[in-house]
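Each chain, letter by letter, is given below.
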Amino acid sequence: MPNLNQDELAELAVKRITASGAEYGDIRILDSTTQTIRGEDRRIASIRETQDRGFGIRVLYHGAWGFAASSVLSLEEVPRVAELAVEIAKGSASLASEKVKLADEPVHRDRVVTDRRIDPFTVALEHKTALLLETMEYVHRQPGIVRSSAGLWACQDRKLFVSTEGARLEFDLLAVNGAFDATAVHDGRFASRCYNTPHLRMGFELIEDANFLAEAPRIASQAVENVKAPTTEPGLYDLVLDPEHLSLTMHESCGHPSELDRALGYEANYAGTSFLTTDKRGTYRYGSPQVNLVADNLEPQTLAATGYDDDGVACQQWDIVRDGLFVGYCTNREVAPKIGEIRSRGSNRADSWGSVPIVRIANIGLEPGSATLDELLADVKRGIYIEGHGSYSIDQRRYNFQFGGDAFWLIENGKRTHMVRDVIYHGITPEFWGSCDAVADRSHRRRYGFITCGKGQPGQSGWMTHAASHARFRNVNVIGGQGGS
Amino acid sequence: MSATGNRTWPKLTSRDEFRFLAEQVFKRSTGDHTLVSLHDQQSGTTRFANNQIIQNVATRRGSLTVTVAFGRRHGTAGTTDFTAGAVQEAVTRATQIAHLSPDDPEYLPPGAPQAYVRAPTARAETAAAGPARRLEYTNEAIGQCRMENLGAAGMVSSSMATVGVAASTGLFAHEERTDARFSLTVQAGEATGWGAAAHRSIDHLRVQERTLSAIGKAKRGLEVRELPPGRYKVILEPAAVAGLWFLLLRTLDAKSYEKGTSAFSGKLGQPIVDKRLTLRNMPEHEDLLGIGFTADGLPTMASDWIVEGVLTQLAYDRFTAKVRGIDQIPTLDAPCLSGNGATVPGLQELIKSTERAILVTNFWYIRTVNPTDLTMTGMTRDGTFLVENGAIVSAVKNLRFHESPLRAFNRIEAFTNQAEAITSETGKFLVPAMTLRDFNFSSVTRF
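Chains as they are written, first to last, in this note's numbering: chain X, 1 to 485; chain B, 1 to 447.
No lab work stands behind these hints, which were simulated from the structure alone.
It should be emphasised that the depicted structure is a prediction, and the values quoted were computed from it without experimental measurement.
Fair warning: there could be bad hints in the mix.
[What the hints assert, rightly or not] With a straight-line Cα cutoff of 30 Å, these simulated BS3-like cross-link-like pairs (lysine-lysine) come out: (1) X:Lys-99 - B:Lys-267; (2) X:Lys-228 - B:Lys-267; (3) B:Lys-219 - X:Lys-159; (4) X:Lys-228 - B:Lys-255; (5) B:Lys-233 - B:Lys-275; (6) X:Lys-159 - X:Lys-15; (7) B:Lys-267 - B:Lys-255; (8) B:Lys-233 - B:Lys-11; (9) X:Lys-90 - X:Lys-228; (10) X:Lys-99 - X:Lys-338; (11) B:Lys-11 - X:Lys-15; (12) B:Lys-259 - X:Lys-228; (13) B:Lys-352 - B:Lys-259; (14) B:Lys-219 - B:Lys-11; (15) B:Lys-397 - X:Lys-280; (16) X:Lys-280 - B:Lys-233; (17) X:Lys-90 - X:Lys-338; (18) B:Lys-259 - B:Lys-233; (19) X:Lys-338 - B:Lys-219; (20) X:Lys-90 - B:Lys-352; (21) X:Lys-228 - X:Lys-280; (22) X:Lys-381 - X:Lys-415; (23) B:Lys-322 - B:Lys-255; (24) X:Lys-228 - X:Lys-415.
Isolated chain X, as found in the complex:
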């Protein structure tokens, strides 16, 4: 933001908010740069770099919220937007029957910077496009492959958060991702196989270390094997799920129901509510004793580990499920006091300067157990081993779900045998997690990030990372690819 002093703009906003008589206010000034390179069928289809700059002002007036934001960063626009936020908050207050009271938080003044070895924006574009083109060429060398795609993504957020309480937080955050896939056709069917690096807060070293060219032949070969694989007989199977697959299962069936705003009805009209109602905290059996799900917004490189959230609350680590019992929620300063908690868990995030922060899922991960993957498989007579993400759907209280996957192998008498296709499994969340009887050890732990978690109206994308080791689930209901239709 040339020629404009961000602190000067922030001070202007804080002065206007304070003068209005509001009890609280904050401003976030954000400058995001995103580079997206998209390859398709052996060509680079697009290279796009966008700069998204703006600010958002949040005001709490007589216990009710107002928020206004603008992409026009100027000394004239900041006070106009601040006054609009106050005006909107006054309107909200006119309908307020219960006043918002924020949980206390120490006033932080800090700077947070993502550690990086290689800045992705300094890596030559020719190097990136060559990598994607070569990857797609490797994929297409496999007979039977008809389509491919490959992409790289990097996002840098430079943010200043200033509140009327005196908080001043500066951020220089980075996130990177890369992926490719292969699609094969056989006998009137088609199937894809994907390779994804996790979205993580680190530099281009994530891509360098991923070694796309070494992985491309395997992915292409498995796409062909996948499309030719025999279909799955519906029935009860033991499932062994890989960490990438589990990241989505955890996200949908544990992450979302543990958002306290959902449990309190805030999302009833869109994302939904939660079967984990507040009366269940501390007593409800969510899963087997092997299941420990921990929110960790302190783990370096993970997406929600931003140092502080958009309430200015320091990131933390806490339990969601301990020994199978549901014990904790993801919260912000507004909702935490509603269940008697004196401090927010620091899970309030907005997806841009133009969005108001809302409760988002933390970096929820499954704690490792003690088995090896071979040990998990060895104790399965008839089962399916699943890798990656596929079709997924879950009801709005997060009970009834169905998940597919990216690749499936039949397990017979303790051994992974051959690929199968059309695997969809279905369950009810607490019964499914109750059937988990073993989790692999820390050496199997992998992390996968999400940047498209939809919630809120207007819709926002949430970012978080879910880590797990492989885990085994007994007697899960597997339905065919048409679900019996």
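Position chain B against the provided structure of chain X, taking the given hints into account.
This is chain B only, laid out in the frame that chain X set:
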């Protein structure tokens, strides 16, 4: 008439201002071709839950995107900063990217100047609506629910935008667009009822009518029974029909069709749904959200996609269209599904004429399970009822379906006249409510 031109500062980027901006970009660009896109919007949403406002927001966001091409090498840069220096930066960055890009064999220069039909994309009353108007509708919905001792969760939004596309070929398009939305979930204990609307005009949201309908559904949901999974006759309200058609329409792309990676491969010119169904694109229909031009600056157009059950059209990208010799690319921005032949006037008549069926208000979390045959899954939500002998007799616990629209819409028994439909997961449609035989519900949930 300009819907947005009378607004006080900060007004959105006008036609003349966009032309000026585009000319500045073209002057600075050294590319063989340059394309500039504008999206400048003011929007606001009032969101409520538990009978009070939980979010109340207003956002002004302008963005300008520049694509520069040298031969078949192209690069794109975007900015939200419209100052001269930032626009110059965007041109410079797009130029750098283009120079460093490999040849794209599918790149096509921007189109020649086009003629556009002026679609009714903007309404002055929506452009003029601000936080006070949204508050008024919010108050109305909450007030109705409070009177019935029920909980209201929902949102009211309105936005106005100016959108433009200009190219160094002389192509120039600019229009104003407005959009207003209302949706409401009424909670009566465990039971919920839902309704939603979207329109160019905020005057057409029919907040009171939709609130009363959602209240009625929530109250009827108090007595709930569980039905076992299985095949049932269903009455799908328009929103439920739209949910199933939304994903179907997104899989009509011509490139996938030609590569054999589409559920429709080989089916162009073949019947795919009941022969009484016809799908048209109608960008000029005032109850749809049609637009005047695409992101490429090509004009949208009225077109037939499915005629009497037969697939007659695919969604072409410019390259595939050129290869196939297609000059005018049909668009699908304002879909209208209609039934030919005998219909019943509305949903109530459909219910009255049904002996036994499950009535579905809406589907949620619809995803493709099997892309080869377009099998989808999803859950019923916010108003699922058992109909017996022409009347609703109870609510039923929500059910998961596994079904392909290519199978389900070949089992139509009856349908109504078209009605407006929108869900949180779909764009806006005009579709009939329908009765379908043997709809596959694969499991039931706990509520």
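Evaluation of the provided hints:
1. X:Lys-99 - B:Lys-267: Status violated; Cα separation ~59 Å.
2. X:Lys-228 - B:Lys-267: holds, 23 Å
3. B:Lys-219 - X:Lys-159: violated, 47 Å
4. X:Lys-228 - B:Lys-255: OK: X:Lys-228 and B:Lys-255 at ~23 Å, within 30 Å.
5. B:Lys-233 - B:Lys-275: Holds: B:Lys-233 and B:Lys-275 sit about 20 Å apart, inside 30 Å.
6. X:Lys-159 - X:Lys-15: holds, 20 Å
7. B:Lys-267 - B:Lys-255: holds, 14 Å
8. B:Lys-233 - B:Lys-11: violated, 52 Å
9. X:Lys-90 - X:Lys-228: Not OK: X:Lys-90 and X:Lys-228 at ~62 Å, beyond 30 Å, violated.
10. X:Lys-99 - X:Lys-338: Holds, because 11 Å separates the two Cα atoms, which is no more than 30 Å.
11. B:Lys-11 - X:Lys-15: Measuring from Cα to Cα gives roughly 26 Å; hence the hint holds.
12. B:Lys-259 - X:Lys-228: The given pair, whose Cα atoms are some 17 Å apart, holds under the 30 Å limit.
13. B:Lys-352 - B:Lys-259: violated, 46 Å
14. B:Lys-219 - B:Lys-11: violated, 45 Å
15. B:Lys-397 - X:Lys-280: With Cα atoms ~22 Å apart, B:Lys-397 and X:Lys-280 stay inside 30 Å; holds.
16. X:Lys-280 - B:Lys-233: Violated, at about 37 Å.
17. X:Lys-90 - X:Lys-338: Given pair X:Lys-90, X:Lys-338 holds - Cα atoms ~22 Å apart, limit 30 Å.
18. B:Lys-259 - B:Lys-233: Violated, because 36 Å separates the two Cα atoms, which is more than 30 Å.
19. X:Lys-338 - B:Lys-219: holds, 28 Å
20. X:Lys-90 - B:Lys-352: violated, 47 Å
21. X:Lys-228 - X:Lys-280: The hint is violated at about 46 Å.
22. X:Lys-381 - X:Lys-415: holds, 8 Å
23. B:Lys-322 - B:Lys-255: holds, 12 Å
24. X:Lys-228 - X:Lys-415: holds, 20 Å
Of the numbered hints given earlier, the model fails hints 1, 3, 8, 9, 13, 14, 16, 18, 20 and 21; all others are met.
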